[in-house]
Structures are given as structure tokens and as C-alpha cells.
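Single-letter residue listing:
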Amino acid sequence: MINLTVDNKEVTVEPNSTILEAASKVNVNIPTLCFSDDLTVYGGCRLCVVEVEGSDRLRPACNTRAREGMEVKTHSPRVREVRKTLFELIIASHDISCELNCLICNRQNSCQLKDVAEDIGISRMCLTPGADEERESDHSSHSVVREPNKCINCARCIRKCEEIQGVGVFAQASRGPETKVTTFKDRGMGNVECTNCGQCVVSCPTGALHEVYHMDQVWESLYDEQKHVIVQTAPSVRVALAESFGEEPGTIATGQMVAALRRLGFDRVFDTNFTADLTIMEEATEVVNRVTNNDNLPVLTSCSPGWIKYIEHFYPDYLQHLSSAKSPQQMFGAVAKTYYAENAGIDPEDLVVVSIMPCTAKKFEASRPEMNDDVDYVLTTREAARMLKSVGVDVCNLEPEKYDEMLGVSSGAGDIFGASGGVMEAAVRTAYNMITGVNLQEIEVTPVRGLEGLKSAEIPVTDDLTLKVGVAHGLNNAGIMMEKIKAGEEFHFVEMMACPGGCISGGGQPINTERSWREVREKRIAGLYDIDENKELRLSHENPKIQKLYEEFLQEPGSSKAHKLLHTEYVTRGVPGT
Amino acid sequence: MQKEDTDILLEMAHDIQDTYGYIPEKEIAELAEKLSESRATIYGALEFYSMFYTEPTGKYIIRICDSISCYMNNSNEVLEAVQDYLKLEAGETSDDKLFTLEVVECLGHCGEGPVMMVDDRLHTQISPGRAVEILSKLH
Ligand code: SF4
Ligand code: SF4
Ligand code: FES
Ligand code: FES
Chain A
1 MINLTVDNKE
11 VTVEPNSTIL
21 EAASKVNVNI
31 PTLCFSDDLT
41 VYGGCRLCVV
51 EVEGSDRLRP
61 ACNTRAREGM
71 EVKTHSPRVR
81 EVRKTLFELI
91 IASHDISCEL
101 NCLICNRQNS
111 CQLKDVAEDI
121 GISRMCLTPG
131 ADEERESDHS
141 SHSVVREPNK
151 CINCARCIRK
161 CEEIQGVGVF
171 AQASRGPETK
181 VTTFKDRGMG
191 NVECTNCGQC
201 VVSCPTGALH
211 EVYHMDQVWE
221 SLYDEQKHVI
231 VQTAPSVRVA
241 LAESFGEEPG
251 TIATGQMVAA
261 LRRLGFDRVF
271 DTNFTADLTI
281 MEEATEVVNR
291 VTNNDNLPVL
301 TSCSPGWIKY
311 IEHFYPDYLQ
321 HLSSAKSPQQ
331 MFGAVAKTYY
341 AENAGIDPED
351 LVVVSIMPCT
361 AKKFEASRPE
371 MNDDVDYVLT
381 TREAARMLKS
391 VGVDVCNLEP
401 EKYDEMLGVS
411 SGAGDIFGAS
421 GGVMEAAVRT
431 AYNMITGVNL
441 QEIEVTPVRG
451 LEGLKSAEIP
461 VTDDLTLKVG
471 VAHGLNNAGI
481 MMEKIKAGEE
491 FHFVEMMACP
501 GGCISGGGQP
511 INTERSWREV
521 REKRIAGLYD
531 IDENKELRLS
541 HENPKIQKLY
551 EEFLQEPGSS
561 KAHKLLHTEY
571 VTRGVPGT
Chain B
1 MQKEDTDILL
11 EMAHDIQDTY
21 GYIPEKEIAE
31 LAEKLSESRA
41 TIYGALEFYS
51 MFYTEPTGKY
61 IIRICDSISC
71 YMNNSNEVLE
81 AVQDYLKLEA
91 GETSDDKLFT
101 LEVVECLGHC
111 GEGPVMMVDD
121 RLHTQISPGR
131 AVEILSKLH
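For the record, the sequence lines run as chains A and B. Numbered per the numbering used here, the first sequence spans residues 1 to 578. Numbered per the numbering used here, the second sequence spans residues 1 to 139.
Don't take each hint at face value.
[What the hints assert, rightly or not] Dumping the calculated SDA-like pairs for lysine to any residue here, alpha-carbon to alpha-carbon at most 20 Å: (1) A:180 <-> B:34; (2) A:185 <-> B:36; (3) A:84 <-> A:43; (4) A:185 <-> B:123; (5) A:180 <-> B:14; (6) A:545 <-> A:341; (7) B:34 <-> A:545; (8) B:3 <-> A:43; (9) B:34 <-> A:341; (10) A:185 <-> B:92; (11) A:185 <-> B:17; (12) A:185 <-> B:86; (13) A:185 <-> B:20; (14) A:180 <-> B:37; (15) B:26 <-> A:572; (16) B:26 <-> A:545.
[Claimed, not checked] Using C-beta positions, here's what the derived DEER-type ranges look like: (17) B:49 <-> A:101: 34 to 40 Å; (18) B:127 <-> A:82: 41 to 47 Å; (19) B:83 <-> A:516: 50 to 56 Å; (20) B:19 <-> A:77: 33 to 39 Å; (21) B:127 <-> A:121: 51 to 57 Å; (22) B:97 <-> A:186: 17 to 23 Å; (23) B:6 <-> A:486: 25 to 31 Å; (24) B:122 <-> A:77: 27 to 33 Å.
Just so you know, these hints were derived from the structure itself, not from any lab. Beta carbons: idealized from backbone N, C-alpha and C, even for Gly.
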């Protein structure tokens, strides 16, 4: 153990700890910008500099190890002065013109520059913003927009995409003051191997990265008397939306959210969980068939559109392993524009389907030609929160209301879709029943839960069959899992999620600048398992509204009608040049 | 990228450029594969060094230095004259694929600025008129 003092307070830390870690142990807050607790240390912004007794140079706290006997001053006059100057330089590179005014920035209430300005007590701004040329925004992607004028070159997006997602869309090019973050040959995110996952967005400390907005189109539909506008809410939204209204991560606000969306003017408020149950019916049927016939095993899940684009780019030889089942979002769209429209007597032309998703890739998914415009607009959780705020709806204090019934009833299996391992657990609960005719004794499949990057479990089903399942989340882990499969490791069924922790920390979720990623993820996950545990209905195949849907409309899981509406195909994309 | 990897990259990139005159896309992808990096990273690293081209260049590469000493000797006037004459901005290649114009950092002849290079040939203490004259002979 190592003993040192930080601002005259004694502290003992593990060997190899940084000064930053030592300081946080005694509740000293050192401002940081390029540092992120889930990424490797970069040490580029220098905002975290501190004074170490006996050394002339200031040291970056995030990148300097604590040593025995060190005396660290984190807020000495010299440090404070240097920090202010550095911050000014950073701000000068973050071109704030009237057009980019903080008032209209997407990061109004989660801007880390603002946090840092407060932390270091900025009271002057002498340098004029630096960009001599207006740098063009990148609008090439269906999911993410990049506004380089707001970029401060912290390289967090680069590291996130490379280290956690294993994709590597961004790089720094040129040098000196010309240094910029860009994509391969400046092609733009929509023209390279970007998966649309949005993890770079939630890593960015500024408003330089954000989703492609669908808010205006949704407002227009809501104001159009001709249109019947319905909304679906993904599992993870209900445990994150409240964060945008000041609540703790993981706060369950299902009923309040439903009430709020009615106030916003949606004609019906439905649940993506309902079609999550439907997805389980179709996917479990497929798994059972393919396991019985030893057909292209392992089956790989298909509900995470970031993962789909990833496999299309990087492992196109394995596309036939993907389940052909559409994602819950797209199954909802397909069912809404047929079954619901018919029943409600609405011309599908006049029906507008909006989704609220924790995800930026869902915007791309909805635009895929295979999905024939079943889902019209996709809002992220953040966009939904902004819309609600702008009409003065105080979500958390509303009286909870229930979803509209027809497409709004769901089992707990649907809720846990949002957590890594949840789709697998939901599918196992139903596949077991399909094979054996009885329900699992212990329906909680705990080995596939939690934040471990790669998970696996064996579930005894019959005397001859033990299901071997795998789970990976975060695309870098998905890549590792694919390599294992390539190397011959055997699984029956593997769940892949693009985002670390699953949809609960998707690229469209509220950005929490105050807590560590781990804490935010754990709390949101706990929220979902809590909902499942407290639901009477916990098995997709027991959902009465799903049973009714099959009886009245789809016949049975895997029927030709189900195939036509609820299944899809994939595209070989590859990486050009390889 | 690690220092050793950068060295390997530079060496391989030089070879490729010697062969093709620039670094084609499929070679970038191969470099990425060999060094276990993304193609964006390799592209970024190549952009860092002004001597590499990721697009085909013109027959002649014109480099004009605009570092501080040359700049003090009015290198910008030379640059403007050349830009007007070739109808090119820095970094562009002419439609007839004859010229690529580059603005570069110090070429190591600071005492004799402004400095213009045509391929490997160095022209020192150059005037705008002289620069255009040299180029006109290349047509
Ligand atoms: S959206 Fe995902 S894949 Fe695309 S650049 Fe951002 S982190 Fe990388
Ligand atoms: S886009 Fe955002 S995360 Fe990426 S370097 Fe710029 S400021 Fe940092
Ligand atoms: S936070 Fe330490 S150098 Fe940026
Ligand atoms: S400044 Fe132009 S050659 Fe050195």
C-alpha cells in the first residue's frame, strides 16, 4: 500500500493507483475532460494537472501514479491559473458562435464543459473562438450527426469506438492546430463501417456528436388531424427516462411515462415489450427447430441493430447463423400496420408508428429497405425527454397510467430484453417449455445476468439435450465471441448486444455526467429485473394477448404468415478493400 | 499506435508509395490488417505525414513551404501566384492529372526562402514570377 497526502489529507491507496484515484478517495474533485472511467487513459487535455511537492512540472492526475510520501496539491493558485488557461484554450477550439449557442445545444443539461467551468471557477473568457473555417457537419449517417465545430479533440469517441466497440470508425488526422477527428478518408459515418450504436455519442463530453433528430417529424404528425399516431416504448426507456427529470438511474417510471406520452398527444400508447414477447415466440421456435436439426448452430440473436450492422461488415460469412426474426421494434411496426390497423379500422396510410428507443441504431434499422417503413419515426430516450419538457410535462409527478391493451400487455421476459443476457433468459424460459411441455422450475437464469463481458451457461433440458448458451455485450466482446465460434467453440444459442450492458446503456439513453458507467448500468439493470420479479406474468408464451394475436391473425409461431411479416434478411457489407 | 508499429507503418507505406505513387485504399486495408488497427487509424497516421498521398497525385508534385522563415519572406505571394496559375487550392490535383499542389512545413532551407520544390528539385529564393515560369515549362 502507498501513503501520500492530497491537499494535506492523508490517504492510502493500492500500488499503481493514480493521483486522480487517490484524490477521489478523500473526496477531492479534480476536473477532468479526456478521462473516462471505462476507457484507457489518454492524458491529452491536461485539465487534471496538479502540483507535486518537489517537482517543477505540473502532472496530469489521471496519468500519474501515486508514490509513497508524495504531497499533492490539487487546487494551488498555480494549478488553478494553469487550469483556467487550458480551459480557455479548449473553449477557443470549441467554436461557440451564436448559432452554436448553449441554449440550443443538445447537451444543454449534460455538457461537461459547463461542469468543468463551474468546477474550476471560470470567470473570464478572453480568447476568441478559434475555428477560422466553418467545419462542415457530417450528416451522412441515418443515426448519428457529428458537428466538428464543437469538438475539443479529447479522443473519447475514438477510444470508445475502438476499445469498447472494436470498430474503429474515428481517428485523428493531421497535426498541430489542424488536428481533427475524422473518419476513413473523411467519408463520413454513414459511408464507413460505423454500426450506428451511438456509444461515441454518450462518450462525448460536448455536443459534437448527437442522434439524427426525428422530433420535428413527430411533432408534425401529432399536430396533423388526419393522422392516427401510436407510440411504442422499448424496455430500457422506462428505467432511464426519469433521469432526464432529475431522478436516480434505474428509477422505474413505466406508468408515469405512459401518462406523459398520452399528454403529448399520442392516440395510443403501446409497449415494445409486447412484441418482445412475440420475438421470443418466433425466435424460440426457430432455435428449437435449428437445434433439433443441427442447422447452422449456433443461432445468433438478431434484435440489436448495431450488432447486425457489425456482423454484416465484419463477419458476413456468418449471416446465415443469425435468427431471421425481426427485432421487437420492427415486429411492432409490422403488427401495427396490419393487425392493429385492421382491427381499429384505420387506413395504414393514415397510421403513424413512432418508437421511443434507448438506441440510435434503431433509426437506421427502421430505414432499412427490408423493413418497408413499418416504423415511421424513432425517438431516442433523450429526444422523448426533450419533447416532454418542451410542453411542460413533469413526468415523474404524474399519476401512473396503463398501456393501451391491444399491443400493450407484456410479460417480465419482455422487460429484461433491455439487460445483457435478458433476451437469452427470456428465450430459454420459452424454448424450455416448447421442448418439454412444462415450465422451468427456476425461471431465473442467473449465470447470464450481470456485467461480465462474456457469459455462458448450460441448461439441462431433456436427457439428451443440454442447451449451451453464450452472451456477449459491447461489440468488442461480440468480436471475441465470434472468434471463439470460428475457432470451434460450440454453442446452441448466443445473444449479442452492441452496447455494453445491453440496451440500458444504449447510445440513445440519458447521459449521466455525474456517475460512473458501471453504477449507471448496474442501477438501470436492477430496475429491469425488479420489474420482472414483481410481475405476475413472466413467460412470453403465457401472454394472453400474444396467444390471441396468434389465434386471430398469425396462426402459430413460425407459420408462413408469421414468416412474411415477422422475419427478415441480412446484407453482406464487408469492409471495402479487405 | 505503438512507436514500433509506427516505424513499421512508415517503412511499408514508403514502399507502397514508391510502387503506386500513392497509397491505394486496398493497401490501407492491408496495412490495417497487418498492424491490427482500424483503417481509420492507418488513414489518420498517414495524414499525419505530409509525404504520403492517399489519392493518386499529378505527374508533378509542387510543394511550397509556408513555415515561419519562408512566410516572413513572402511565401504566401508565391503560393497565391501558383494557385492562380494552376487554378488549384493546396492539397488538390489538376483535372489533367499533371499537377498536385501542396503547402508544406519547413523544408530545411530557411535561410534561402521562399522555397518551392518540384518533385525532388529544390528552388530557393523564388519570386512569384519565377515560380510560374518554372511551372509553365512543365506543360
Ligand atoms: S456509432 Fe458506434 S460504431 Fe459508429 S462511430 Fe460511434 S461508437 Fe463507433
Ligand atoms: S467528437 Fe466529442 S468525444 Fe470525439 S474527440 Fe470531439 S469532443 Fe471528444
Ligand atoms: S483528464 Fe487527465 S489529461 Fe485529460
Ligand atoms: S521555413 Fe521554409 S524551408 Fe524552413
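A quick look at each hint next to the structure:
1. Of the pairs offered as hints, the one joining residue 180 of chain A and residue 34 of chain B is violated, with about 25 Å between alpha carbons and a cut-off of 20 Å exceeded.
2. Between residue 185 of chain A and residue 36 of chain B the alpha-carbon distance is near 19 Å, which keeps this suggested pair within the 20 Å criterion.
3. Taking the CA atoms of residue 84 of chain A and residue 43 of chain A, the gap is about 17 Å. The hint holds against a cut of 20 Å.
4. Between residue 185 of chain A and residue 123 of chain B the CA atoms are separated by roughly 32 Å; this puts the pair beyond 20 Å, and the hint is violated.
5. For the suggested pair residue 180 of chain A and residue 14 of chain B, the alpha carbons sit about 24 Å apart, so the restraint of at most 20 Å is broken.
6. At most 20 Å may separate the alpha-carbon atoms for a hinted pair to count; residue 545 of chain A and residue 341 of chain A meet this at roughly 16 Å.
7. Only pairs whose Cα atoms come within 20 Å are accepted, and residue 34 of chain B paired with residue 545 of chain A is rejected, the gap being roughly 54 Å.
8. For the suggested pair residue 3 of chain B and residue 43 of chain A, the alpha carbons sit about 17 Å apart, so the restraint of at most 20 Å is met.
9. Restraint check: the Cα-Cα separation between residue 34 of chain B and residue 341 of chain A comes to about 54 Å, which exceeds 20 Å; the hinted pair is violated.
10. A hinted pair counts as satisfied when its Cα atoms are at most 20 Å apart, and residue 185 of chain A with residue 92 of chain B qualifies at roughly 14 Å.
11. For the hint pairing residue 185 of chain A with residue 17 of chain B, the CA-to-CA distance comes to about 17 Å; that is within 20 Å, so the pair holds.
12. At most 20 Å may separate the alpha-carbon atoms for a hinted pair to count; residue 185 of chain A and residue 86 of chain B exceed this at roughly 25 Å.
13. Distance check on the hinted pair: residue 185 of chain A and residue 20 of chain B sit about 18 Å apart at the alpha-carbon level, within 20 Å; holds.
14. Of the pairs offered as hints, the one joining residue 180 of chain A and residue 37 of chain B holds, with about 19 Å between alpha carbons and a cut-off of 20 Å not exceeded.
15. At roughly 18 Å between alpha-carbon atoms, residue 26 of chain B and residue 572 of chain A fall within 20 Å of each other, so this suggested pair holds.
16. Proposed proximity of residue 26 of chain B and residue 545 of chain A is contradicted: the alpha carbons are some 53 Å apart, above 20 Å.
17. Judged by the Cβ atoms, the range 34 to 40 Å given for residue 49 of chain B and residue 101 of chain A holds: they are separated by roughly 38 Å.
18. Separation of residue 127 of chain B from residue 82 of chain A is about 45 Å and conforms to the stated range, judged on CB atoms against 41 to 47 Å.
19. For the pair residue 83 of chain B and residue 516 of chain A, the supplied restraint of 50 to 56 Å holds, since their beta-carbon distance comes to about 52 Å.
20. A beta carbon spacing of about 58 Å between residue 19 of chain B and residue 77 of chain A contradicts the range 33 to 39 Å that was offered as a hint.
21. For residue 127 of chain B and residue 121 of chain A, the hinted distance range of 51 to 57 Å is satisfied, since their beta carbons lie about 54 Å from each other.
22. Roughly 21 Å separates the CB atoms of residue 97 of chain B and residue 186 of chain A, a value that falls within the hinted 17 to 23 Å.
23. The hinted window of 25 to 31 Å between residue 6 of chain B and residue 486 of chain A holds, with their beta carbons roughly 30 Å apart.
24. Here the CB-CB span from residue 122 of chain B to residue 77 of chain A is close to 51 Å, at odds with the stated 27 to 33 Å.
When the structure is compared with the earlier hints, violations turn up for hints 1, 4, 5, 7, 9, 12, 16, 20, 24 and for no others.
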